[in-house]
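K.L.:
Residue numbers (the numbering used here), protein chains in the order written: chain A, 1 to 296; chain B, 1 to 296.
If you are wondering where the hints come from, they were derived from the structure by calculation, not from laboratory data. Using N, Cα and C, we set each Cβ at its ideal position, and we do this for glycine too.
The calculated lysine-lysine pairs, modelled on BS3-like cross-linking and capped at a C-alpha distance of 30 angstroms, are:
#1 Lys-81/A x Lys-218/A
#2 Lys-193/A x Lys-218/A
#3 Lys-139/A x Lys-81/A
#4 Lys-218/A x Lys-192/A
#5 Lys-218/A x Lys-119/B
#6 Lys-139/A x Lys-69/B
Which chain B residues face chain A? A few, computed with CB under 8 angstroms, are given here:
#7 Phe-38
#8 Val-42
#9 Ala-44
#10 Val-109
#11 Ala-113
#12 Met-130
#13 Leu-144
#14 Leu-149
#15 Gly-165
#16 Ser-166
#17 Leu-172
#18 Val-176
#19 Ala-181
#20 Phe-232
#21 Leu-261
#22 Thr-268
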Amino acid sequence: MQPSPKPAQTPPRANLAGWLYVSPLVLVLVPFFVAPILVVLAASFFSTDGFGGLTPEFTLASYVDVLHSALTLKLYLATIKFTVLTWVFTLIIGFFVAYFLVFHVRNQLLAIGLFLLCTVPFWTSNIIRMISWIPLLGKEGLINQALLALGVIHQPLEVLLFSDLAVVIAYVHQLTIFMIVPIFNSMARIDKKLIEAAIDAGASRFDILRLIVVPMSKSGIALGTIFVVSIVMGDFFVVKVMSGGGSASVVSAFYEDVGVLQYPTAAASAVLLTLVLVGIVSLILRTVDIRQEITR
Amino acid sequence: MSAVLADVPEAVAPAATKAIAPRKGGRPWTFYVLATLFGLYVIALYGPMFCIYILSFQDIRGGLVFPMKGHSLHWFVDLFTQVRTGDVKGSFDRSIKLAVIVTVITVVVSFLAGLGFRKRFRGDTVVFYMMIGSLVAPGLVLGLGTGLLFQALGLNASWYTSALGSQLSWTLPFGVLVMFAVMSRFNHVWEEAAYDLGASRWQSIRLVMIPVLAPGLVAVALFGFTLSYDEFARSLQTAGSLNTLPLEIWSMTLNVTSPSLYALGTVTTIVSFVVIGASLGSIVLIQKKRGSQAKG
Numbered sequence: 001m002q003p004s005p006k007p008a009q010t011p012p013r014a015n016l017a018g019w020l021y022v023s024p025l026v027l028v029l030v031p032f033f034v035a036p037i038l039v040v041l042a043a044s045f046f047s048t049d050g051f052g053g054l055t056p057e058f059t060l061a062s063y064v065d066v067l068h069s070a071l072t073l074k075l076y077l078a079t080i081k082f083t084v085l086t087w088v089f090t091l092i093i094g095f096f097v098a099y100f101l102v103f104h105v106r107n108q109l110l111a112i113g114l115f116l117l118c119t120v121p122f123w124t125s126n127i128i129r130m131i132s133w134i135p136l137l138g139k140e141g142l143i144n145q146a147l148l149a150l151g152v153i154h155q156p157l158e159v160l161l162f163s164d165l166a167v168v169i170a171y172v173h174q175l176t177i178f179m180i181v182p183i184f185n186s187m188a189r190i191d192k193k194l195i196e197a198a199i200d201a202g203a204s205r206f207d208i209l210r211l212i213v214v215p216m217s218k219s220g221i222a223l224g225t226i227f228v229v230s231i232v233m234g235d236f237f238v239v240k241v242m243s244g245g246g247s248a249s250v251v252s253a254f255y256e257d258v259g260v261l262q263y264p265t266a267a268a269s270a271v272l273l274t275l276v277l278v279g280i281v282s283l284i285l286r287t288v289d290i291r292q293e294i295t296r
Numbered sequence: 001m002s003a004v005l006a007d008v009p010e011a012v013a014p015a016a017t018k019a020i021a022p023r024k025g026g027r028p029w030t031f032y033v034l035a036t037l038f039g040l041y042v043i044a045l046y047g048p049m050f051c052i053y054i055l056s057f058q059d060i061r062g063g064l065v066f067p068m069k070g071h072s073l074h075w076f077v078d079l080f081t082q083v084r085t086g087d088v089k090g091s092f093d094r095s096i097k098l099a100v101i102v103t104v105i106t107v108v109v110s111f112l113a114g115l116g117f118r119k120r121f122r123g124d125t126v127v128f129y130m131m132i133g134s135l136v137a138p139g140l141v142l143g144l145g146t147g148l149l150f151q152a153l154g155l156n157a158s159w160y161t162s163a164l165g166s167q168l169s170w171t172l173p174f175g176v177l178v179m180f181a182v183m184s185r186f187n188h189v190w191e192e193a194a195y196d197l198g199a200s201r202w203q204s205i206r207l208v209m210i211p212v213l214a215p216g217l218v219a220v221a222l223f224g225f226t227l228s229y230d231e232f233a234r235s236l237q238t239a240g241s242l243n244t245l246p247l248e249i250w251s252m253t254l255n256v257t258s259p260s261l262y263a264l265g266t267v268t269t270i271v272s273f274v275v276i277g278a279s280l281g282s283i284v285l286i287q288k289k290r291g292s293q294a295k296g
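Can you make the complete structure from the sequences, with help from the hints?
P.N.:
The following block contains the structure:
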């Protein structure tokens with residue numbers, strides 16, 4: 001958050017009351033967010049016997065390993081590729097779905113109904129949602145069967161499942177809702193009179209979109225972006241399952257490291273990833289003050 | 001996602017004036033384009049899931065892809081009786097219990113934090129950023145950190161201690177963000193009025209705020225429940241020896257290649273729907289009750 005103008009000088013009592021209200025939150029976040037992060041940070045400087053034992057002696061070996069490894073760059077490039085592709089698709093679909101619901105569906109009840117329709121599938125396990133693509137994308141799946149029957153192809157396409165394509169499809173399937181909800185929320189608050197005024201002033205449909213709707217939904221877009229980017233960059237099982245082991249991301253490599261008890265290397269790469277994520281998120285928060293926008 | 005359930009009625013309310021571009025009469029071409037996009041999105045959203053629901057009702061010859069072979073409840077029986085498919089029932093029980101605990105804590109803590117964040121206090125930015133950090137940190141990394149922390153402290157990881165804490169570090173930020181949106185629609189005049197009438201702080205919270213914000217609190221609850229019930233990455237290293245349902249599903253996706261997997265998808269979907277139905281029902285009940293009280 002920007003150092004927003006402090007209200008004169010908060011009286012001590014207000015400070016105390018504020019802290020009392022958030023103390024349960026802090027009491028959870030300190031042991032289960034701050035402490036684990038510090039543990040991982042510490043572990044990244046430790047050396048290991050290779051069997052999961054950690055020796056508390058300061059060494060940068062893990063970082064040197066991680067930074068020197070050609071694999072690291074490859075993993076980050078793969079992760080960034082998945083993140084950018086997923087972000088672009090979820091943003092486009094999410095934005096226009098929200099736009100359609102808010103500005104084109106005239107019946108309010110219908111809009112709410114259609115909105116709920118979009119959220120319902122997200123109440124089931126996302127692992128199940130992911131594997132639900134198997135009957136469709138598989139070698140003997142519906143899409144291949146249909147294409148074969150139509151004579152478009154003569155051999156089943158193998159790139160549909162267990163490929164980068166499948167990974168992106170699964171991400172978009174799982175995460176578009178994280179764009180729709182916040183964008184829908186911020187769009188629904190745009191005063192329709194503004195748009196009427198713009199039309200009266202001769203604005204084209206595109207002008208309205210560009211000059212009114214997009215700027216006024218930016219808090220929703222920012223929030224959605226934070227959700228999508230942090231989930232994709234922090235994910236490993238979509239990549240693992242949907243690529244059939246063919247692709248890896250930073251976290252899936254981390255998962256492998258943990259599997260073979262290479263804690264320090266895993267921790268070092270986790271620290272790097274967290275730094276990258278913090279960088280991205282603070283860039284977003286720098287452009288949009290989410291707290292201000294939400295509580296406005 | 002469920003956050004908006006409670007928000008929607010108010011959020012969409014301004015749209016009642018519906019003065020946007022498509023004036024009464026003909027729809028602009030963009031309506032048809034966006035309606036098509038929306039339709040395709042919904043099909044892509046539901047299509048794969050319906051495939052697995054249908055395929056889960058095959059008979060014993062059934063496979064993972066179409067065409068469907070006969071129909072029976074064989075794979076549901078298989079799911080709960082076969083040892084090979086793991087401890088579905090036990091993990092299911094644990095996941096439900098855990099989700100209920102997480103839900104209760106999330107509602108209470110988020111509500112309090114929401115109250116606290118209404119006014120600025122010294123250090124509020126730190127707490128806010130801690131929360132955002134907890135939201136975006138890769139779940140697997142936090143899970144590992146928590147696991148190592150418990151190990152270092154000589155504590156046993158279990159689903160009701162370490163996994164509970166890890167899940168809260170994920171559900172609470174969501175809950176508080178939802179509370180921000182809910183609280184921003186709370187009219188402070190009512191609270192002022194309560195104070196003017198001599199209510200204590202506790203009375204104004206209990207008799208004014210909680211009843212007014214009830215739908216929003218149900219939304220937070222729904223959020224907490226679904227996030228916990230579906231939480232995977234943070235629980236992986238922290239659940240100890242007994243699995244939660246997502247972990248069980250995960251290991252099933254690695255071992256089981258029969259429609260049992262799909263049957264599990266169908267069962268978890270049904271459970272989600274029961275929970276959501278109950279929550280939505282309670283929102284409707286609350287609002288009905290409120291309506292009749294207003295009349296009476």
